[in-house]
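Visitor: Working from the sequences, and respecting the hints, build out all of it.
Protein chains: 2
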Amino acid sequence: MKKVDPLRHAERMAHKQKIMNERIARADKEQGVLLVLTGPGKGKSSSGFGMLARALGHGMKVGVVQFIKGKFQTGEEAFFRQQSNVDYHVMGEGYTWDTQDRDKDVQAAEAAWEVARGMLEDPAVDLVLLDELNIALRHGYLELDRVLDDLQARPPMQHVVVTGRHAPEALIELADTVTEMKVVKHAFKEQGIKAQKGIEL
Amino acid sequence: MKKVDPLRHAERMAHKQKIMNERIARADKEQGVLLVLTGPGKGKSSSGFGMLARALGHGMKVGVVQFIKGKFQTGEEAFFRQQSNVDYHVMGEGYTWDTQDRDKDVQAAEAAWEVARGMLEDPAVDLVLLDELNIALRHGYLELDRVLDDLQARPPMQHVVVTGRHAPEALIELADTVTEMKVVKHAFKEQGIKAQKGIEL
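Chains as they are written, first to last, in my numbering: chain F, 1 to 201; chain D, 1 to 201.
Don't read these hints as lab results, they were simulated from the structure. Honestly, I wouldn't trust all of these hints.
Any copy, or any two copies together, can satisfy a pair, since identical chains are not distinguished.
Stated by the list, open to error - List time: in silico DSS-like cross-link candidates among lysine-lysine, alpha-carbon distance up to 27 Å:
1. Lys29 - Lys61
2. Lys29 - Lys18
3. Lys61 - Lys18
4. Lys194 - Lys16
5. Lys185 - Lys16
6. Lys182 - Lys18
7. Lys194 - Lys61
8. Lys69 - Lys194
Guide: Right under this line is the structure:
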């Protein structure tokens, strides 16, 4: 165990408390935030779903649009469909490499955006999760400018979380908070461990 | 909208499908994974809570130990305490800069580890979330070797998710999947936007 002088520890922590309190006092704007979770590392969608849980814990209303549909029903879908205050839509047609049909993918993305736009126009929805929207943008299935316009026109207190690799630069510009998830290690890709329920699915 | 030749698109996607299917076929090991979410970016704990939701959606049993307790009850705590199959413990004594008392912090971390160890010995618990454990390790509140031993001795199919900045190198070594969350932008720190319910709390 590290040996630390308790008095020095208390002093250092009092100093840190002062800094943290100043930071909290400075951050006094109340507004809906646009959060983008991107990069190749694991944890983007799951983080979005964690925020959903957090919002529901505060009695907030949430909406979810999943732009990419996997082959199997996921744990998150089964779970959040059982909860109240959740409007859940899985709109994609499957991975782009499974559909192999660009026109069908574009139609699915357009239909998904219509549902998303309905949420972005509704001040009763406190948090909107647009899961894997970045993938649809990356493939050019949706017009970026339209998406950015609809995001900007949303109710001022509404939070939006956008996930997926390759977030476009203009979306990063517009966002309030952006995290890039870096792969340090990946069990599935590097170590031959099957995608696990509760972790990947 | 991007102009893409539909035939070329279908060919490229068929090629990608082949690669993805080979990767899935190669990943045939079934085992509990140890996942570490670290780095300064937003999304570590929320990602852990998202995996909790995912696991619950598959009917799995989960355990949570939060090593750092904030000043307020969080949305995630309120939410997951209402769910079945969740064993939820908030064990910390508050942020280190608020307690300013190292001995008290060490005692709280030890008590938290006892609860965590009980979960790590129980094959009926499918997923264990050790939220902000890295912070307790970083401050030397817990012996790293003991923590690593207990993690390694857990039931082979049990998943563990560890969150918090500054994950120790030896924990990264032991882990199957590790993501480092990089800050690209942060609303609270840089733009004076207050920590928002559903996002930070």
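Visitor: Hints first: check each against the structure and report whether it holds.
Guide: Okay, the hints, checked on the actual structure:
Taking the shortest alpha-carbon separations for Lys29 and Lys61, only the intra-copy value of 22 Å comes in at or below 27 Å, while the best inter-copy value is 39 Å. When the C-alpha separation of Lys29 and Lys18 is checked against a cutoff of 27 Å, the pair qualifies only within one copy, where the shortest distance is 20 Å, while the shortest distance between copies is 49 Å. Proximity of Lys61 to Lys18 under the C-alpha cut-off of 27 Å is found in neither arrangement, the shortest distances being 35 Å within a copy and 41 Å between copies. In the homo-oligomer, the alpha carbons of Lys194 and Lys16 lie at most 27 Å apart only across protomers (19 Å), although the nearest pairing inside one protomer, at 43 Å, exceeds that limit.
When the C-alpha separation of Lys185 and Lys16 is checked against a cutoff of 27 Å, the pair qualifies only between copies, where the shortest distance is 22 Å, while the shortest distance within a copy is 33 Å. Taking the closest pair of Cα atoms, Lys182 and Lys18 come within 27 Å of each other only across two copies (25 Å); inside a single copy the shortest separation is 32 Å, beyond that limit. Proximity of Lys194 and Lys61 under a CA criterion of 27 Å is satisfied inter-copy only: 20 Å between copies versus 34 Å inside one chain copy. For the homomeric pair Lys69 and Lys194, the shortest alpha-carbon distance inside one copy (19 Å) is at most 27 Å, but the shortest distance between copies (34 Å) is not.
Of the numbered hints stated above, the single one contradicted by the structure is hint 3.
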